[in-house]
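Participant: This is what each chain is made of:
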Amino acid sequence: MKNIWTIAKREYDNYFNGPLAYVVMLAVILPLSIYFSLLLFYAQQQALFSGGIVPEIGTVNGLFAFLMIFLSPALTMRLLSDEARMGTLELMLTAPIRDAELVVGKWLGSMLFALTLLGVTLIFPIVLNNFVEPNIDWLAVISSYLGLILLFATMLALGVGISAIFTNQFAAFFVTLGVVFFLYFLIGLPASLLPQSGEVLNYLSINNHFDQMNSGVVTLGGIVYYLSLIAFGLFTGTTAIEIRRWR
Amino acid sequence: MIKVSGLTKDYGARRAIHNLNFDAQQGEIVGFLGPNGAGKTTTMRILTGYMPPSDGEALVAGYDVVEESLEVRKRVGYLPESVPLYHDMAVFDYLKYMGELRHIPNVDDRVDEALDMVGLYDRANGYIGNLSKGMKQRVGLAQALLHRPEVLILDEPTIGLDPGQVVEVRELIREIGKERTVLLSTHLLNEAQNLCDRVLIINKGKIVAEDTTENLQARLLGAERVVVRVRGEADELASSIKSVKGVRKVETLEDGGVEFEFASGKDLRPEVARKVIKDGYDLLELRPLGMSLEEIFLELTSNESKR
Chain P
1 MKNIWTIAKR EYDNYFNGPL AYVVMLAVIL PLSIYFSLLL FYAQQQALFS GGIVPEIGTV
61 NGLFAFLMIF LSPALTMRLL SDEARMGTLE LMLTAPIRDA ELVVGKWLGS MLFALTLLGV
121 TLIFPIVLNN FVEPNIDWLA VISSYLGLIL LFATMLALGV GISAIFTNQF AAFFVTLGVV
181 FFLYFLIGLP ASLLPQSGEV LNYLSINNHF DQMNSGVVTL GGIVYYLSLI AFGLFTGTTA
241 IEIRRWR
Chain L
1001 MIKVSGLTKD YGARRAIHNL NFDAQQGEIV GFLGPNGAGK TTTMRILTGY MPPSDGEALV
1061 AGYDVVEESL EVRKRVGYLP ESVPLYHDMA VFDYLKYMGE LRHIPNVDDR VDEALDMVGL
1121 YDRANGYIGN LSKGMKQRVG LAQALLHRPE VLILDEPTIG LDPGQVVEVR ELIREIGKER
1181 TVLLSTHLLN EAQNLCDRVL IINKGKIVAE DTTENLQARL LGAERVVVRV RGEADELASS
1241 IKSVKGVRKV ETLEDGGVEF EFASGKDLRP EVARKVIKDG YDLLELRPLG MSLEEIFLEL
1301 TSNESKR
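So the sequences go chain by chain: P and L. Its first residue numbered 1, the first sequence is counted upward by one per residue in our numbering. Its first residue numbered 1001, the second sequence is counted upward by one per residue in our numbering.
Isolated chain L, as found in the complex (with noise of 0.2 Å):
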């Protein structure tokens, strides 16, 4: 459904993406991670038609974005970062519009289906300028939904949104994503962990990492590391820990836990909880760490800006 290769964009003298390659599948959501200034928002609009890559190759549903802009433009629903709306016009009358710029048939019934699917069907006759932003997220939602889209493209689609709105919406992206094909952009790394097929990492404009969110995480791991808290002093604890064989990484937390690592494939958490009751401690927690998507994104972009 999307296919990028070789993709560069130049803004004058400034690289904004360097040569991507990545595609998405029909019923895949695939989340774009990185930084602000990254290029996420430059790939976004390549990918809608909005402008021309300065080198290499996109197709969107089967169609170049240069060649066949507009047969791409009919297929791509575009939700931008900025969700630009005309305030001065009513819900229904904008979303009307927008509606008979695609000849959708039946455009009222489409337009009243699309209020439905985003929760705005009792704010029709509002006028978007007196929306709430979360609202106005969701007109902006229901515009890129309007004509069924084969692609949708969302550029930070829950930011501004409050808790029970982001829930919704997520859940909303999920059930377009099983049919559809989502690229979406977020710098919310749960967001992208939870909602998300794959993940593209991107920084300084260029893809660092690409792959399923438990994949990056096993593929950055390598070991696994633990937090045990007992009641009494984490120094002699830590001391106790680290007699156990196969442990290493001993380090005491501010907060008297104690953190320790082992390889991965061989849980040292049984030998390790009966050294500490056999040293008499009460055994408060043992918990695992596993790397969020956030430690790995800060790895993988502070790794690039190093080289």
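Only chain P is shown next, with the shape it has when bound in the complex (with noise of 0.2 Å):
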């Protein structure tokens, strides 16, 4: 466990040495700032000549978490190609960490920086409830923000494991924005045509389990659907590197 957080912790602060952490997190509160503050403005106008509606959290999440279907593989892209490209995959297979140990310290680095973005836009429900009296639903955002935590974790679980299969780190970002662009999009597609298998293409979609929880319905399948990837994802990445030791 030790060596995963140390792992981690480098990773973590590896975003920060270059410009990635900065661009990200730009291309995600930029946008929603003002997607949020569009949202606030359409809600006055409205409670101006009707009741009015309570604009909700999950409208935002919404949208962040088609932006990162952009941005989860720009995060992911290098943690084990640039490793394997730089040769200093040499030094982490000599150092005493099962390759497990590696894999699994990439992906949690990654998702603690997702982490301080989520933590970030924590913001904006936290302006809206001042805005809405008694208070706003807590229990939807909660709902929400944990849809988010487990597409994220979804989606960097998935890109470290390609990002292991790779030594170029553009071929590891396309295919990750490709893998999740298909699970989060078409998968689902055929599933109105398909009437015996529609549920099972259903099910697979990220979307719909996502579209689940920001709208307030946590599902044990849900969960289980997300971790079942997230597990996917990195038994990938880890067999993946046990594959290189025996090339």
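Derived from the structure by calculation, the hints contain no laboratory data. Remember, predicted model here, so these are calculated numbers, not experimental data. A portion of the hints provided could be inaccurate.
[To be verified] In the DSBU-like style, the derived pairs of lysine-lysine whose C-alpha atoms are separated by at most 35 Å in a straight line are: (1) L:LYS1204 with L:LYS1136; (2) L:LYS1178 with L:LYS1206; (3) L:LYS1278 with L:LYS1249; (4) L:LYS1003 with L:LYS1206; (5) L:LYS1245 with L:LYS1278; (6) L:LYS1074 with L:LYS1133; (7) P:LYS2 with L:LYS1074; (8) L:LYS1133 with L:LYS1178; (9) L:LYS1266 with L:LYS1245; (10) L:LYS1204 with L:LYS1249; (11) P:LYS9 with L:LYS1136; (12) L:LYS1266 with L:LYS1249; (13) L:LYS1204 with L:LYS1003; (14) L:LYS1242 with L:LYS1278; (15) L:LYS1206 with L:LYS1136; (16) L:LYS1136 with P:LYS2; (17) L:LYS1133 with P:LYS9; (18) L:LYS1133 with L:LYS1003; (19) L:LYS1133 with P:LYS2; (20) L:LYS1249 with L:LYS1206; (21) P:LYS2 with L:LYS1178; (22) L:LYS1074 with P:LYS9; (23) L:LYS1003 with L:LYS1178; (24) P:LYS2 with L:LYS1003.
[Claimed, not checked] Covered by chain L, according to a simulated footprint, are these stretches of chain P (three or more residues, beta-carbon under 8 Å): (25) 1-15; (26) 88-101.
We put the CB at the ideal spot given by N, CA and C, even for glycine.
Take the two lone chains and join them into the complex the hints point to.
Facilitator: Shown next, in the form of structure tokens:
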């Protein structure tokens, strides 16, 4: 466990050594802030004329999830591919750490960064709460954030797994983007056309599970789905590293 | 400390090393010599737990490199040939990171100690990416020494260093080799000659010779060779030397000297010197030619190729 934490801490710090952390933060915070302000403005206008509706934090988090489809591959692309390219993988593989600890440590490092981003966006429900009497539905907020955490953890685990396969970080980026895009948008599309297997395809869609949690519905099936994909991503990464040893 | 038996590694259809057998004791510096692609790095990577062998067995500090890989890795310090480092980290941070992965107690002090050993104490806060090649090499060495390993495996440890640093690093290795086991690969034969207690010569994945440098020389020589230089014609000198009993293989050299050979054990230099002076030459030089490790190496590896 200690090794995982040591690796995660280094990866987390490493994001801030280059421009990546700041670029990703800007790419998230800026659009979300603008979108949130517009929502507030729209709700205020509505309230002036008719009773109005309370804006929901899920709307903002929906955009956050969409942005992370493109940003999470950027966070994971070099985690293991760059170690292979720079030769530092040889250091890691001859240090007394297990291959799985290396992969999980890398994933946890990226996850800590994603959690930092999530932490910053907590400002939105807090601000929103100030405008709503008596207060907003905090359980719905928690459900929405749980959805985001599981969604990001899944996308990052898949990204780390794919990064372990490639030596070129851009290859890792595009393949991760492709896989995440497929799971988010494409896999659920044929569901309406195929009555028999539609349910299965719907279950496999990341988007469906996130939408449920984002609207306040936490299901065991959803949590199991995310945890399985996280395990699959990390297992793929560990296997890819082991294959490198045998090659 | 290191015991290798029947070690074999295949990369697909290509056999990188074939049935290697050797050992190294505590307090011994063993040199691994061989041309590029001979299998030195492959062997070292197996010993450090980086990759498993296809066949055979290797024990390091009493642990099997495949079955007890983590135990082996705890006890080995390794400097890979390409000296991989995290260029975006400061020297101190990098060493601390590697130390934390090895669970070293008082890691800050130990990093200072390692930096002191390799003479990089004043660069501790500099970024690795900004260091010269020689300094990076020393950071790599500090990383290998950090946890005071029982076995040190160094792949080309002095490559890229300037002559002053080479001397320092060799001194350091010699110091470490007094108590611990050092296996180092090099293609610099004089390095093996003046640093190693024992040399393994490896070619095309097989060990072609294993002995102390002195014994290797003696084994291959079988005869002693001497160069003579005088003021005057080399051809005439050659015929004069030829007439000394026991001298064989007399050759004139391009630079005006004469080289001859005699059976080892019976030194003919005094006889040759007297003869040359008696014949009226001014003797300028009479020098024995030891067979260098270079020549031994070439002889062994070319013999192997012919086979």
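Participant: Hey, LYS1266 (chain L) versus LYS1249 (chain L), does the alpha-carbon distance stay inside 35 Å?
Facilitator: Holds, at about 16 Å.
Participant: Between the region 88-101 of chain P and chain L, are there enough contacts, at least three residues with CB-CB distance under 8 Å, for the coverage claim to hold?
Facilitator: holds (count 10)
Participant: LYS1133 (chain L) and LYS1178 (chain L): Cα distance at most 35 Å?
Facilitator: It holds: about 27 Å lies between the C-alpha atoms, which stays within 35 Å.
Participant: Hinted pair, alpha-carbon criterion (35 Å max): LYS1136 (chain L), LYS2 (chain P). Please report holds or violated.
Facilitator: holds, 28 Å
Participant: Does the alpha-carbon distance linking LYS2 (chain P) and LYS1003 (chain L) stay inside the 35 Å limit?
Facilitator: holds, 32 Å
Participant: Does the structure keep LYS1249 (chain L) and LYS1206 (chain L) at a Cα separation of 35 Å or less?
Facilitator: holds, 33 Å
Participant: Checking one constraint from the list: CA of LYS1206 (chain L) to CA of LYS1136 (chain L), max 35 Å. Satisfied?
Facilitator: holds, 32 Å
Participant: Would the hint linking LYS1278 (chain L) and LYS1249 (chain L) be met if the CA-CA limit is 35 Å?
Facilitator: Between LYS1278 (chain L) and LYS1249 (chain L) the Cα gap is close to 22 Å, so the pair holds against 35 Å.
Participant: Does LYS1206 (chain L) sit within 35 Å of LYS1003 (chain L), going by the straight-line distance between their CA atoms?
Facilitator: holds, 16 Å
Participant: Checking one constraint from the list: CA of LYS1204 (chain L) to CA of LYS1003 (chain L), max 35 Å. Satisfied?
Facilitator: holds, 21 Å
Participant: If you count the residues of the region 1-15 of chain P with a beta-carbon closer than 8 Å to a beta-carbon of chain L, do you get 3 or more?
Facilitator: With 6 residues in contact (Cβ-Cβ under 8 Å with chain L), the coverage given for the region 1-15 of chain P holds.
Participant: Taken at face value, is the distance from the CA of LYS1249 (chain L) to the CA of LYS1204 (chain L) at most 35 Å?
Facilitator: Holds - the C-alpha atoms of LYS1249 (chain L) and LYS1204 (chain L) are around 33 Å apart, at most 35 Å.
When held up to the earlier numbered hints, the structure conflicts with none and fits them all.
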